[in-house]
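Construct all of the structure, not just a fragment, from the sequences and the given hints.
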Amino acid sequence: MGQVIHFKELHQARRRRSEKVNVEQCVELLEWNLKRSLDRYFSSPPEERSIRATQIRKISEILEYALRLL
6 MGQVIHFKEL HQARRRRSEK VNVEQCVELL EWNLKRSLDR YFSSPPEERS IRATQIRKIS
66 EILEYALRLL
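Adding 5 to a residue's 1-based position in the sequence shown gives its number in the working numbering.
Keep in mind that the hints were calculated from the coordinates and are not lab data.
Don't take each hint at face value.
[What the hints assert, rightly or not] Simulated restraints, written as ranges between beta carbons of each label pair:
(1) 20 / 57: 34 to 44 Å
(2) 53 / 12: 49 to 59 Å
(3) 48 / 70: 19 to 29 Å
(4) 44 / 10: 42 to 52 Å
(5) 26 / 67: 13 to 23 Å
(6) 72 / 52: 29 to 39 Å
(7) 13 / 51: 56 to 66 Å
(8) 67 / 47: 19 to 29 Å
(9) 50 / 12: 51 to 61 Å
(10) 8 / 72: 32 to 42 Å
Computed from a prediction, not measured in an experiment: that's the story for all the values here.
Ideal Cβ positions, reconstructed from N, Cα and C, are used throughout, including at glycine.
So, in structure tokens, the structure goes:
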């Protein structure tokens, strides 16, 4: 007896797993970058802190978006 394989569903499931792995890797990189940016903020001179704070805000917004995708 033969078995019917639903290639479309199989392909979609594989793609979803792959996308999840990619988003998880992206989250790890964003978290590392956020930590690095925070360290640089605290070690930077006062005149650079505004720029660094903007970078931190942008990275955290992207991280928040990526976490919602998981």
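Exercise for review: Go ahead and decide if the range 51 to 61 Å is satisfied by the Cβ distance of residue 50 to residue 12.
Suggested key: holds (59 Å)
Exercise for review: Can you let me know if the beta-carbon spacing of residue 44 and residue 10 is within 42 to 52 Å?
Suggested key: Given a distance of about 51 Å, which is inside 42 to 52 Å, the answer is holds.
**Study point:** residue 26 versus residue 67 beta-carbon gap, inside 13 to 23 Å or not
**Key:** holds (18 Å)
Review point. Do the Cβ positions of residue 20 and residue 57 conform to the proposed distance bound of 34 to 44 Å?
Key: holds (37 Å)
Review point. Honestly, do residue 72 and residue 52 meet the 29 to 39 Å range at C-beta?
Key: holds (32 Å)
Review point. Lying within 19 to 29 Å: is that true of the beta-carbon distance residue 48 to residue 70?
Key: With a Cβ separation near 28 Å, residue 48 and residue 70 satisfy 19 to 29 Å, so the hint holds.
Review point. So the hint says 49 to 59 Å: do the beta-carbon atoms of residue 53 and residue 12 match that?
Key: The hint (49 to 59 Å, Cβ to Cβ) holds, given that residue 53 and residue 12 are roughly 54 Å apart.
Review point. Is the distance from the Cβ of residue 13 to the Cβ of residue 51 consistent with 56 to 66 Å?
Key: holds (58 Å)
Practice item. Could you say whether the range 32 to 42 Å given as a hint is met by the Cβ separation of residue 8 and residue 72? Key: holds (39 Å)
Review point. Are residue 67 and residue 47 spaced within 19 to 29 Å by their CB atoms?
Key: holds (21 Å)
Checked against the numbered hints above, the structure violates none of them.
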